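Participant: Sequence lines, in order, name chains F and A.
Everything in the first sequence is counted per this note's numbering, starting at 1 for the first residue and increasing by one.
Everything in the second sequence is counted per this note's numbering, starting at 1001 for the first residue and increasing by one.
Do not rely on the hints blindly, as some may be mistaken.
Said to hold, decoys possible - Okay, the calculated beta carbon distance ranges per label pair:
hint: 1; chain 1: A; residue 1: Ile1283; chain 2: F; residue 2: Ala128; range: 38 to 46 Å
hint: 2; chain 1: A; residue 1: Gly1281; chain 2: F; residue 2: Asp168; range: 54 to 62 Å
hint: 3; chain 1: A; residue 1: Gly1255; chain 2: F; residue 2: Tyr73; range: 43 to 51 Å
hint: 4; chain 1: F; residue 1: Glu135; chain 2: A; residue 2: Phe1294; range: 39 to 47 Å
hint: 5; chain 1: A; residue 1: Ile1283; chain 2: F; residue 2: Asp43; range: 34 to 42 Å
hint: 6; chain 1: A; residue 1: Lys1064; chain 2: F; residue 2: Asp85; range: 35 to 43 Å
hint: 7; chain 1: F; residue 1: Asn25; chain 2: A; residue 2: Tyr1173; range: 32 to 40 Å
As the list claims (entries may be wrong) - Cross-link-like lysine-lysine pairs, in silico, DSSO-like; alpha carbons within 27 Å at most:
hint: 8; chain 1: A; residue 1: Lys1064; chain 2: F; residue 2: Lys139
hint: 9; chain 1: A; residue 1: Lys1152; chain 2: F; residue 2: Lys139
hint: 10; chain 1: A; residue 1: Lys1152; chain 2: F; residue 2: Lys106
hint: 11; chain 1: F; residue 1: Lys45; chain 2: F; residue 2: Lys139
hint: 12; chain 1: A; residue 1: Lys1064; chain 2: F; residue 2: Lys84
hint: 13; chain 1: A; residue 1: Lys1064; chain 2: F; residue 2: Lys45
These are calculated hints, taken from the structure and not from any lab test.
A quick note: this is a predicted structure, and the numbers were derived from the prediction, not measured.
Ideal placement from N, C-alpha and C gives every residue a C-beta, glycine not left out.
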Amino acid sequence: MARMKFLCDADRCIDCNACVTACKNENEVPWGINRRRVVTINDGKPGERSVSMACMHCTDAPCAAVCPVSCIYPTEDGIVLHSKDLCIGCGYCFYACPFGAPQYPKVGNFGSRGKMDKCTYCAGGGGAEAPGSAEELEKYGSNRFGEGKLPLCAEMCSTKSLLAGDGDIIAQIYKERVLKRGYGSGAWGWMTAYHEGVEI
Amino acid sequence: MRCVRRIGLASFAMILVLAVCAPAIAQKLGPDGAPNPTASVTSEQELLKQVPRAEGRIDIPDIKASVLIQPAGRTWDYFHEVLLHRGGAIVILGMIVVLGVAYLILGRLRITAGRSGQKIVRFKAFERFSHWLTAVSFVILGLTGLNVTFGKILLLPVMGPDAFSSLSESAKYAHNFTSFAFVAGLVLITATFFKDNIPEQVDLDWLKQGGGFIKNKHAPAGRFNLGEKVVYWLSLAAGLVVSVSGFVLLFPFFGTNIADMQIAQAVHAIVAVLFIALILGHIYIGTLGMEGAFEAMGTGEVDLNWAKEHHDVWLARMLASEDRRGQASATPAE
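One chain only, chain F, in its complex shape:
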């Protein structure tokens, strides 16, 4: 069974935000919400690196563990989905997520937050809606995965720094790249998300 992961090659990312735009457009993400974002470490200094970050779809996802209503769960492919019908907007998943993936589109009284929204690996949602239906699109965004496609952010990456797909395959691609060019700052987030690094 394929285990889906993301890998952002920080040495290729040029902070163009094509991934951010692609995601927002494809999933009709509301204003002010960014399922995917680009963070630049050491901006302007030697060793500047940009990393594109959304949900990493972790192994032993901490968000799923702390959810008081258990509305987050992993699928067979390792994709972490959640049900917006069950979500109570408590915000615990954000405290637990090492990558800041959960977003809360609504601002309510006393941090009420509304339903949590996050990267779904373009695989629709974890609720009761039929896969690929209009209701699912409105609530969770597109379901490219159901059509056998990979997330649009990785597909649209201008430098192919953001890789999405089976974990073994993208790790192999990254290893070959690092060997060929002679440098690589590592697979950012892999140790925290998947409890394994990419050994070069």
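Chain F is fixed; fit chain A onto it per the hints.
Facilitator: The following block gives chain A in isolation, referenced to the frame of chain F:
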């Protein structure tokens, strides 16, 4: 696993390349003579050794998004799902067991001389209101708060996901809004009962006499004995801590960062669990544990013999002031 062999081969090749190019890398030049792009970059592991969170520059207004990786999230997960679950269960269930044992051994503490039929006012209406405002708020807050931590273990299997989510959503709002009533009540209780809870010499005597738990030993006390004073001060301290940490949780990221929020939640949870255990003891002694105790807060009046047995110094003061004022403060029971 093919990957292991490939990794082995690849790492051997890399070591070979590195061994050959070591001097070049040291000079910050790559194998082709161009500057080595990795020369001054901080790898993720290096960065996280130096700072708790990897942060950088972002293009969006959401400041929280500037944190790229905060591994402490997994630590907080472990605290909440493992430590708090175990600790909370031990403390609360342990307290219930202790109270059960106390009841089995001591039974309900009776008024030794029996009821006199005469009553004296112990708590005025305003004092009772302050207490019950705080008490009812506390019970609501306690139950809704426990639901966040233990609901999915205890209630979700019974209710099913949809009903449980509905309940939890309502519980969340109840918890948030009731907190203000609790704070108001806490302020009233602090102010109203402050002067009678200051530690005195008689409290030590009460302790030496076994606090009224040893038969045939009379323990003297003022308006509040040492046990009650301990409850007062611990409640004030715990109440203050849960109120402040709760306030931080009510306004997330209002001047706080992710680490602050995790700490606030942890403090709130730990102190709340201990507070619940304390109040369970308080509820026990005020209802089941002692005859004649509940009516003090229920109606405001207590039996004269009960007062003589448990708060004799206070009773003497009340009767003396009554004599001076020439008004009867002890009325016969209806």
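Participant: Please go over all the hints and tell whether each is borne out by the structure.
Facilitator: Tested hints:
With their beta carbons about 42 Å apart, Ile1283 (chain A) and Ala128 (chain F) fall inside the hinted range of 38 to 46 Å. Taken as a hint, the range 54 to 62 Å holds for the pair Gly1281 (chain A) and Asp168 (chain F), whose Cβ atoms sit roughly 57 Å apart. At about 34 Å, the CB distance of Gly1255 (chain A) to Tyr73 (chain F) disagrees with the hint of 43 to 51 Å. For Glu135 (chain F) and Phe1294 (chain A), the hinted distance range of 39 to 47 Å is not satisfied, since their beta carbons lie about 55 Å from each other.
The hinted range of 34 to 42 Å is not satisfied by Ile1283 (chain A) and Asp43 (chain F), whose Cβ atoms lie roughly 57 Å apart. The supplied range of 35 to 43 Å is broken by Lys1064 (chain A) and Asp85 (chain F), whose beta-carbon atoms lie about 25 Å from each other. Hint check: Asn25 (chain F) to Tyr1173 (chain A), Cβ distance near 35 Å, so the stated range 32 to 40 Å holds. Distance check on the hinted pair: Lys1064 (chain A) and Lys139 (chain F) sit about 24 Å apart at the alpha-carbon level, within 27 Å; holds.
Of the supplied pair hints, the one linking Lys1152 (chain A) and Lys139 (chain F) holds, its CA atoms being roughly 25 Å apart against a limit of 27 Å. Between Lys1152 (chain A) and Lys106 (chain F) the CA atoms are separated by roughly 25 Å; this keeps the pair inside 27 Å, and the hint holds. The suggested pairing of Lys45 (chain F) with Lys139 (chain F) is violated, with an alpha-carbon distance near 41 Å, which exceeds 27 Å. Proposed proximity of Lys1064 (chain A) and Lys84 (chain F) is supported: the alpha carbons are some 22 Å apart, at most 27 Å.
The suggested pairing of Lys1064 (chain A) with Lys45 (chain F) holds, with an alpha-carbon distance near 22 Å, which does not exceed 27 Å.
The structure is inconsistent with the numbered hints 3, 4, 5, 6, 11, although it conforms to all the rest.
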